[in-house]
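Student: Let the sequences and hints guide you as you build the complete structure.
2 protein chains.
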Amino acid sequence: MPFPTDARLAHYVDLERHRIVETLVEWLRIPSISALPRHARSVRASAKFVAALLEEAGMDHVRLLRTPGAPSVYADWLHAGPDAPTVVVYGHHDVQPVDPIGLWDSPPFEPEFRDGQCFARGAIDDKGQVLYELEAARGLLQHEGRLPVNLKFLIEGEEEVGSPHFEALLERERKRLDCDLVVVSDTGMLAPDLPSTCVAMRGLVAFDVAIRTARGDLHSGLYGGAVPNAARVAAELAAALHDGDGRVTLPGFYDAVRPLSAAEAASLAAVPFDQRAWMDQAGVAALEGEAGRTTLERIGSRPTAEVVGISGGYAGDGMKTIVPATAGLKVALRLVADQDPGEVRQAFEAWVAARTPPGADVTLTPEGAVAPASTPVDHPAVGALCRVLERVWGRPPLFTREGGSGPEEAIGRVLGAPVLFLGVGLPDDRIHAPNERMVMDQFWRGLVAASELWHELGAMGREGLARPESGRGAA
Amino acid sequence: MPFPTDARLAHYVDLERHRIVETLVEWLRIPSISALPRHARSVRASAKFVAALLEEAGMDHVRLLRTPGAPSVYADWLHAGPDAPTVVVYGHHDVQPVDPIGLWDSPPFEPEFRDGQCFARGAIDDKGQVLYELEAARGLLQHEGRLPVNLKFLIEGEEEVGSPHFEALLERERKRLDCDLVVVSDTGMLAPDLPSTCVAMRGLVAFDVAIRTARGDLHSGLYGGAVPNAARVAAELAAALHDGDGRVTLPGFYDAVRPLSAAEAASLAAVPFDQRAWMDQAGVAALEGEAGRTTLERIGSRPTAEVVGISGGYAGDGMKTIVPATAGLKVALRLVADQDPGEVRQAFEAWVAARTPPGADVTLTPEGAVAPASTPVDHPAVGALCRVLERVWGRPPLFTREGGSGPEEAIGRVLGAPVLFLGVGLPDDRIHAPNERMVMDQFWRGLVAASELWHELGAMGREGLARPESGRGAA
Numbered sequence: 001m002p003f004p005t006d007a008r009l010a011h012y013v014d015l016e017r018h019r020i021v022e023t024l025v026e027w028l029r030i031p032s033i034s035a036l037p038r039h040a041r042s043v044r045a046s047a048k049f050v051a052a053l054l055e056e057a058g059m060d061h062v063r064l065l066r067t068p069g070a071p072s073v074y075a076d077w078l079h080a081g082p083d084a085p086t087v088v089v090y091g092h093h094d095v096q097p098v099d100p101i102g103l104w105d106s107p108p109f110e111p112e113f114r115d116g117q118c119f120a121r122g123a124i125d126d127k128g129q130v131l132y133e134l135e136a137a138r139g140l141l142q143h144e145g146r147l148p149v150n151l152k153f154l155i156e157g158e159e160e161v162g163s164p165h166f167e168a169l170l171e172r173e174r175k176r177l178d179c180d181l182v183v184v185s186d187t188g189m190l191a192p193d194l195p196s197t198c199v200a201m202r203g204l205v206a207f208d209v210a211i212r213t214a215r216g217d218l219h220s221g222l223y224g225g226a227v228p229n230a231a232r233v234a235a236e237l238a239a240a241l242h243d244g245d246g247r248v249t250l251p252g253f254y255d256a257v258r259p260l261s262a263a264e265a266a267s268l269a270a271v272p273f274d275q276r277a278w279m280d281q282a283g284v285a286a287l288e289g290e291a292g293r294t295t296l297e298r299i300g301s302r303p304t305a306e307v308v309g310i311s312g313g314y315a316g317d318g319m320k321t322i323v324p325a326t327a328g329l330k331v332a333l334r335l336v337a338d339q340d341p342g343e344v345r346q347a348f349e350a351w352v353a354a355r356t357p358p359g360a361d362v363t364l365t366p367e368g369a370v371a372p373a374s375t376p377v378d379h380p381a382v383g384a385l386c387r388v389l390e391r392v393w394g395r396p397p398l399f400t401r402e403g404g405s406g407p408e409e410a411i412g413r414v415l416g417a418p419v420l421f422l423g424v425g426l427p428d429d430r431i432h433a434p435n436e437r438m439v440m441d442q443f444w445r446g447l448v449a450a451s452e453l454w455h456e457l458g459a460m461g462r463e464g465l466a467r468p469e470s471g472r473g474a475a
Numbered sequence: 001m002p003f004p005t006d007a008r009l010a011h012y013v014d015l016e017r018h019r020i021v022e023t024l025v026e027w028l029r030i031p032s033i034s035a036l037p038r039h040a041r042s043v044r045a046s047a048k049f050v051a052a053l054l055e056e057a058g059m060d061h062v063r064l065l066r067t068p069g070a071p072s073v074y075a076d077w078l079h080a081g082p083d084a085p086t087v088v089v090y091g092h093h094d095v096q097p098v099d100p101i102g103l104w105d106s107p108p109f110e111p112e113f114r115d116g117q118c119f120a121r122g123a124i125d126d127k128g129q130v131l132y133e134l135e136a137a138r139g140l141l142q143h144e145g146r147l148p149v150n151l152k153f154l155i156e157g158e159e160e161v162g163s164p165h166f167e168a169l170l171e172r173e174r175k176r177l178d179c180d181l182v183v184v185s186d187t188g189m190l191a192p193d194l195p196s197t198c199v200a201m202r203g204l205v206a207f208d209v210a211i212r213t214a215r216g217d218l219h220s221g222l223y224g225g226a227v228p229n230a231a232r233v234a235a236e237l238a239a240a241l242h243d244g245d246g247r248v249t250l251p252g253f254y255d256a257v258r259p260l261s262a263a264e265a266a267s268l269a270a271v272p273f274d275q276r277a278w279m280d281q282a283g284v285a286a287l288e289g290e291a292g293r294t295t296l297e298r299i300g301s302r303p304t305a306e307v308v309g310i311s312g313g314y315a316g317d318g319m320k321t322i323v324p325a326t327a328g329l330k331v332a333l334r335l336v337a338d339q340d341p342g343e344v345r346q347a348f349e350a351w352v353a354a355r356t357p358p359g360a361d362v363t364l365t366p367e368g369a370v371a372p373a374s375t376p377v378d379h380p381a382v383g384a385l386c387r388v389l390e391r392v393w394g395r396p397p398l399f400t401r402e403g404g405s406g407p408e409e410a411i412g413r414v415l416g417a418p419v420l421f422l423g424v425g426l427p428d429d430r431i432h433a434p435n436e437r438m439v440m441d442q443f444w445r446g447l448v449a450a451s452e453l454w455h456e457l458g459a460m461g462r463e464g465l466a467r468p469e470s471g472r473g474a475a
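Going down the list, the protein sequences come from chains A and B.
Position 387 (the first sequence) corresponds to 387 in the numbering used here; numbering is contiguous.
Position 24 (the second sequence) corresponds to 24 in the numbering used here; numbering is contiguous.
Since the hints were made in silico from the structure, they are not lab data.
Mixed in with the good hints there might be a few duds.
Short, incomplete list of chain B residues facing chain A, as computed with Cβ under 8 Å [what the hints assert, rightly or not]:
1. Ala35
2. Pro97
3. Ile101
4. Gly162
5. Arg215
6. Ala231
7. Ala285
8. Gly289
9. Arg302
10. Val307
11. Gly309
12. Ser311
13. Gly318
14. Met319
15. Gly403
16. Ile431
By construction, the Cβ of each residue, glycine as well, lies at the ideal position given by its N, Cα and C atoms.
Tutor: What follows is the structure in structure tokens.
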């Protein structure tokens with residue numbers, strides 16, 4: 001599809017392309033892995049890098065918002081007047097770990113451009129998506145001297161570890177972050193010729209389970225068969241997570257799950273889905289999951305439990321004849337409306353306690369909790385977003401449900417504002433995996449779309465955004 | 001108990017103590033980990049070190065016996081005359097890996113002496129036990145100018161990886177290794193005041209199971225709940241190894257197990273066993289295993305399956321939201337008479353194949369196979385060993401069954417000779433684990449016992465060792 005050359009920032013993209021790409025590369029070189037304490041300095045460097053970019057863009061009140069962990073970055077431009085809507089743009093500047101490093105075709109923190117794609121950890125998740133929003137603001141301020149909305153950036157530093165301090169930050173900074181609308185720039189669409197916007201995201205609760213069964217590893221010949229084996233305890237927990245029908249075995253896990261409304265089910269059914277192509281993209285030879293559900297239901301509208309990691313005993317070359325004394329298990333549970341992360345956490349803790357055999361010492365560490373989120377599809381702002389997506393990508397967008405989880409629920413709830421999802425990621429971007437990439441054409445369209453959306457919202461005004469009571473709850 | 005100062009080599013021990021300890025330290029500094037290909041050079045250095053010691057001791061025909069893997073070391077002294085028995089002393093010069101390295105109180109390859117113990121990887125398994133045999137020969141040759149038996153040393157280099165090339169070496173070198181008796185120096189006793197000798201060892205078959213379910217790790221939000229998860233496949237295999245009664249689930253696994261004879265059962269029942277003390281030693285808070293069996297039965301006379309290691313997905317700090325694409329599982333099965341390693345291997349392969357879910361690609365690599373071994377307790381050589389153990393440790397020894405596995409079955413079978421076990425290890429020596437140690441008093445007694453045993457055997461002569469037909473099969 002042709003690039004919309006009549007868009008306000010099309011010319012800016014042409015003029016500034018080189019500088020913007022250089023900026024992207026420089027940022028992607030910072031290994032801001034929030035999961036690894038030894039990278040804390042890089043996460044901080046990434047925050048400062050964003051702050052400097054926001055300054056250069058012409059934003060005001062640029063600052064790092066401290067948390068007990070990594071800082072978020074804030075900036076605003078509040079000169080659009082009292083009738084213009086105030087929009088918070090949310091993204092994050094931290095990235096996933098890079099293991100297994102051996103599977104990367106190029107080093108994860110040395111961005112490479114091949115076939116119109118940028119390969120690097122964080123390219124699409126989420127530095128690229130933050131950068132086009134930021135450059136859209138810079139472009140408008142440069143070329144029009146103003147923004148059509150009052151704009152606030154909030155760029156988090158702990159999204160990839162489950163946003164452990166983000167809700168407290170939102171509460172603390174509620175006044176500073178007051179807004180009419182949140183635009184999240186951290187999602188994707190079905191394909192460049194199938195634009196879509198997310199209207200629901202799953203929640204997430206995750207746990208690290210540490211198991212100890214002896215003071216140290218024991219000789220399997222001298223002790224094997226008579227003492228508990230930590231690796232087996234971990235394996236038994238992991239294997240017990242699902243029943244024979246692929247359903248999660250935590251008692252009451254599905255009780256609060258809200259069935260899809262007719263409108264939601266229709267939207268889900270309308271999404272074109274080539275199962276064979278999806279499997280090829282994923283690189284899998286079979287599908288599985290909850291019995292009686294389609295793949296799209298399983299990944300979008302159903303809660304799941306996933307073994308994220310298991311470890312115990314000897315994993316090197318060859319063999320070592322031991323009974324492992326320690327083992328670890330990492331589990332991530334995806335939640336849908338109206339599951340409550342706190343209740344699921346309690347259910348998981350009780351489930352583990354009930355399955356811990358005698359002689360095993362289990363330490364359970366929660367690794368973040370995020371509630372599921374959804375956006376009412378008949379909100380006027382969703383209409384504005386749909387118009388922009390159609391203009392920039394050439395087709396009216398579909399509504400999708402994302403299986404991933406972010407702090408979107410908290411941000412919408414605490415700030416009392418609807419949450420829109422403008423995201424240019426593609427299904428094959430390999431986020432969280434080796435060879436993460438961003439398709440550069442999507443990036444440039446994202447930049448244009450961000451600025452077009454602010455113009456749409458500015459034209460509607462706060463008045464136009466006030467949603468008629470009658471529409472509430474329709475989705 | 002007092003050291004037997006009337007023993008022939010008691011004086012030698014006093015005179016040479018310093019040099020012998022220095023030799024031990026120098027050898028233990030060589031990280032001869034046979035499981036790790038990157039340590040192949042050290043394993044070779046260890047072989048050469050032993051060869052040089054054997055030369056210095058006055059042994060003849062010192063040489064490395066090549067294999068497709070690490071070399072064994074051979075030497076002999078064959079001047080005791082045709083009526084003297086020929087004895088092969090077996091031990092090994094390779095050691096276990098050192099993970100988890102963080103749990104060592106001192107570096108594994110920098111031997112430390114604390115409280116009369118030597119702490120190092122390989123201290124007791126098996127460098128210390130080889131060294132006292134070797135120094136016993138050196139002592140006798142130095143002080144008496146001769147040995148009472150024709151002696152052959154065979155010091156293996158791949159024992160800790162399941163002796164993959166050892167049986168072929170035995171077959172090839174059968175003539176060179178021709179003997180009346182094998183003395184294995186790689187086992188332990190119940191306690192310094194409870195001397196014992198092993199009369200049965202379990203066999204071992206081990207496997208590495210590599211699982212792949214996707215081209216690369218997948219985002220758990222985008223794919224979780226709909227695609228196979230390699231870590232879960234590994235966990236399900238590991239969890240399925242045992243049933244609710246702690247019995248191994250491989251079909252037919254117990255079919256060939258020979259029940260204990262009345263004599264064996266009586267011997268096992270006579271072994272004093274303080275279960276509480278044993279648990280404290282192991283550092284475990286509970287016992288488990290095959291239902292209806294005592295702990296001593298479980299570790300000595302029953303076959304077992306142990307998860308040696310499991311790994312898959314993310315094991316670092318914090319959390320990573322992935323569906324792991326690859327996972328690994330290491331399983332070691334201990335066998336007892338008359339289980340056949342080949343049959344068990346086939347059963348395991350069939351068991352894994354039957355449990356591999358669609359979409360999982362499983363690669364199964366056997367990691368060595370050793371058949372179970374046993375020694376007839378009424379053999380005259382066992383009587384000689386018992387007299388020596390009583391003289392050196394002050395009490396008649398008990399007979400034990402070792403849960404561990406070595407190449408003893410192959411060596412006895414291929415060379416057609418009974419196998420004696422002279423070993424000074426103690427239950428708390430932490431072999432294969434961090435802080436492996438050897439109690440030095442046991443080492444010095446081992447040195448004296450080795451020389452005393454050769455004198456006993458020499459005095460009996462080949463004639464005396466020829467076991468009366470009537471006694472056969474009594475044990």
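Student: Can you verify the interface hint for Ile101 (chain B): is its Cβ closer than 8 Å to any Cβ in chain A?
Tutor: violated, 12 Å
Student: Next item in the hint list is Pro97 (chain B). Is there a CB on chain A closer than 8 Å to its CB?
Tutor: Constraint on Pro97 (chain B) satisfied, holds at 6 Å.
Student: Minimum Cβ distance from Ala35 (chain B) to chain A below 8 Å?
Tutor: holds, 4 Å
Student: Let's test the interface hint: is any C-beta of chain A closer than 8 Å to that of Ala285 (chain B)?
Tutor: holds, 5 Å
Student: Per the CB criterion, is Val307 (chain B) less than 8 Å away from chain A?
Tutor: holds, 4 Å
Student: How about Ile431 (chain B): closest beta carbon in chain A under 8 Å, or not?
Tutor: OK, holds: Ile431 (chain B) within 8 Å of chain A, min 5 Å.
Student: Given Met319 (chain B) as an interface hint, is its Cβ closer than 8 Å to any Cβ of chain A?
Tutor: holds, 4 Å
Student: Given a cut of 8 Å on the nearest C-beta pair, is the interface hint for Gly289 (chain B) held or broken against chain A?
Tutor: Hint on Gly289 (chain B): holds, closest Cβ of chain A at ~5 Å, below 8 Å.
Student: At a threshold of 8 Å, is the proposed contact between Gly318 (chain B) and chain A supported by beta-carbon distances?
Tutor: holds, 4 Å
Student: Using 8 Å as the Cβ threshold, decide whether Arg215 (chain B) counts as touching chain A.
Tutor: holds, 3 Å
Student: Minimum Cβ distance from Gly162 (chain B) to chain A below 8 Å?
Tutor: holds, 6 Å
Student: Take the shortest C-beta to C-beta distance between Ala231 (chain B) and chain A; is it under 8 Å?
Tutor: Holds, because the Cβ-Cβ distance from Ala231 (chain B) to chain A comes to roughly 4 Å (cut-off 8 Å).
Comparing the model with each numbered hint stated earlier shows that hint 3 is the single one that does not hold.
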